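Starting from the known structure of chain A, arrange chain B on it as the hints suggest.
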Amino acid sequence: MDQKTEKSNLIEGATGEWEVVIGMEVHAQVTSNAKLFSGASTEFGGEPNSHVSLVDAAMPGMLPVINEGCIAKAIRTGLGLKAQINLSSVFDRKNYFYPDLPQGYQISQYKNPIVGEGEVIVDLLGGERVVVGIERLHLEQDAGKSLHDQHPQYSFVDLNRSGVALMEIVSKPDLRSSDQAKAYVSKLRTIMRYLGTCDGNMEQGSLRADINVSVRRPGDPFGTRCEIKNVNSIRFIGQAIEHEARRQIDILEEGGTIVQETRLFDAKTGETRSMRSKEEAHDYRYFPDPDLLPLELTQGFVDGLAQNLPELPDAKRARFIADYGLSPYDADVLIIERESADYFEAVAKDRDAKQAANWVINELFGRLNKEGRDIVDSPVTADQLGSILDLIKAGTISGKIAKDVFDIVWTEGGDPKAIVEGRGLTQVTDMGAIEKAVDEVIAANPDKAEQAKTKPALAGWFVGQVMKVTGGKASPQAVNTLLKQKLGIE
Amino acid sequence: MTKLTDLTIAEAREGLRAKSFSARELAEAHIDAIDRANDALNAYVLKTPERALEMADASTARLKKGEGGALEGIPLGIKDLFCTKDVRTTACSHILDGFTPTYESTVTANLWAEGAVMLGKLNNDEFAMGSSNETSHYGPVVNPWRRKDSSVKLVPGGSSGGSSAAVAARLCMGATATDTGGSIRQPAAVTGTVGIKPTYGRCSRWGIVAFASSLDQAGPIARSVRDAAILLKVMASSDPKDTTSVDMKVPDYEAAVDRGVKGLTIGIPKEYRVPGMAPEIEKLWQQGVEWLKAAGANVKEVSLAHTKYALPSYYIVAPAEASSNLARYDGVRYGLREKGADVISMYENTRAAGFGAEVKRRILIGTYVLSAGYYDAYYLKAQKVRTLIKQDFDQAFETVDAILTPTTPGPAFALGEKSGDPVEMYLNDIFTVTVNMAGLPGMSIPAGLSSEGTPLGLQLIGCAFDEETLFRAGRVIEEAAGPVFKPQDWWSKR
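Chains A and B are the protein sequences, given in the same order. In the working numbering, each number is its position in the first sequence, counted from 1, plus 1. In the working numbering, each number is its position in the second sequence, counted from 1, plus 8.
Just chain A, with the same shape it has in the complex (with noise of 0.2 Å):
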């Protein structure tokens, strides 16, 4: 067991315990509209080949023209996995046959990436913390799609993602667990999506990861591994990692070898299959492609994109938690969006922090959650709960009210002071009709204020009384104040 593995991480097997290992290769889509090394568009969803070039297409002659808004992309990703910026770096040509890959090579980066070590800080919602290093990214095309299921007797090829441009985010052997998988993945798609260079969108694809996983006893070296390709989900990342491990550690267990193979992940099953073996890898061939120069940068490039990085959600979470005092946990859930942060910023300005942090994360995220809307979209924009909040602290509504209120924003609209006045939800604050609705509940109870002189608890039964009387805008603090003398509860 080394330091990254916490107890509650080790699979119990029928031998004893076992700690699995995962590195990942992550395939991040390059926010752009033009592809890598051509100028075709990168629009999801296009009818078939309607967005491919002669040079997509590998025509005789073509030739690639790196695509600047890319390479500026890819280094503002390695920024913000605090990585080493590569200078120079070479693209390579990855050779193999497949339909759906029209040059009979993928341009890629092979021994010289354009961003070299870093690393990624995952913090768990439980409140686990592992620090995962980055061994490389580099930029590489994506290939086109073979459709098999068109025709009896042919596959059809669709290249509108051929040439599409990828960055290759490859990890240490640094994960000890699914959760931490997870959590990783989450966690860079984050920073991705901070950053503007990945939209993160695993449906459409722009989110793929290769998970390495083997297993081992806590202590002994690394495992043989096999790597499980191209998982398009965070779900299906915890469930192949869990089956894969587990088929290994019964391999093990039965007195069995693991061998190195690549499988893939079947997410009707949710197990994992054998795709070839190592015997069966192809020999890339890998060679610096002749049609493009070494990529060379110059240290103020670098720097001119340094000095327009965004806050990053490390930073932003140690903030929130500094300034504005929420619990780790809040700061986690509040960063995971950059738009969730700034609404939350835009709430808790001059007003209390926590307040706004409940309300956001509870209200707003529980009503977002259960409508499946995102938080660009929201109905209740962050003045009109800011003015929720102030119509709390002025005393003018109850927190329950505020609830109220806030759903009738959410369906309605409009500016949540005007509809507490105009719909008469102010808070009633005048003791005197608040003591007479005291005085009816208990007159109305007599037997019930009798037991509650011996059971106070009681008294909570009395508050909603009072407020079912007052119709909801009464003071509770008042009516709470009031009935405790009244029954003589201390």
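Quick caveat, the hints were computed from the structure, so don't treat them as lab data. Note that this is a predicted model, so its numbers are computed, not measured. Where is the CB? At the ideal position from N, CA and C, for every residue including glycine. Each statement offered as a hint is correct.
Okay, derived cross-link-like pairs now, DSS-like style, lysine-lysine, Cα gap no bigger than 25 Å in a straight line:
(1) Lys-112(A) <-> Lys-392(B)
(2) Lys-418(A) <-> Lys-350(A)
(3) Lys-95(A) <-> Lys-249(B)
(4) Lys-146(A) <-> Lys-347(B)
(5) Lys-389(B) <-> Lys-95(A)
(6) Lys-112(A) <-> Lys-389(B)
(7) Lys-173(A) <-> Lys-95(A)
(8) Lys-95(A) <-> Lys-392(B)
(9) Lys-368(B) <-> Lys-95(A)
(10) Lys-269(A) <-> Lys-230(A)
Over the 10 Å line for every Cβ pair with chain A, so calculated as not near, a few chain B residues:
(11) Arg-21
(12) Arg-59
(13) Lys-257
(14) Asp-260
(15) Arg-267
(16) Ser-500
Just chain B, lined up with the frame of chain A:
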């Protein structure tokens, strides 16, 4: 009056402007010559007479208005390696059967923009792999030159054999060609024509079917140094679509032609004096030295120490790149497709049927040298040799302005004479490949006749982007060698 087909480009340019003849007449004269010659020479794989006449008429219209570009109305042949919009382009390979590009290569687009007229597509070795034009899917080209008192068919050199033969036989006024290891200069040498491979990066490679990307370079073959200068000026350009093309102004090469060599220093590389060099080649080389000296140049010996490693290294680098460049010819999207039970057998059947023996040989060599475990020993080593070759030249050019060598080890050989032995064939490029490995400009100028009465050429090698010095020195050699480079017409049908 001189036959229209015998005019140089410079002469035709004057005649057209003076309206001594029309662009249509000039085109028709060439179309007629091609029609009568092609059965015997096989220089053209595709004739485009309608297009030629249409372009010629457009030239006439522009000339009438006093407009017109640098090549207005000049009929040219285009090597089949250049993609031409709506005109079949196959690189003379079966695998590109029927392929008709929807786009025009940058080099040919530059020519048409200056008013040149396309006569058709010229034969070449399949994918430019060969030194005799015998590997073409459309059959070999026959050299218009014959040995004295012989009717043995000779090769026109390669890979630009259609270009060299067509220019020598007056089937076009000039031709585009490409040179990866000598494919412009060697055919020019054995057909008595002028060929220049400019510096790597001078001409855009966009739209030229790739053989070996780091070595391929386009250039012209013409009948005079001046014509070559006129053509190269138009062909060359910096092209944002080819990031290996250089962002530099293209000089007025024609202006350099008559500047002479007075005060220039010409280097003679001692390593090119290979053992067993034919005495007539040795003599020709010495003659070239004397001519340049007589014109006022200084001559000194230089050393290009790594010359002997150039050819073996070339035959690692070029096939390696070719093996990858030719992977796209897989039967999936265009060209030939041979059916198969599954995709792998479709690939295998298509590539087995589509590629000729020499192309297959080079794909196999290239695949081998890039394979895991062999990469360092072959490809990486060859690239290191390449660096050393470049350094040799850099050193030499510290003290000389250009280098003079023979272009080829001998004159044109007979069809079939060397096609059985690939290594013997590869040795044809022994004096030319170093220039490609170093990315430098090289030019072949007709300089004399062999004992068999066939042409021999001398090669001038220049500093990077200094083609002008080559035109200056080339013109001196051309002038000294005299106007003897016209083959006897035996090929035209009456």
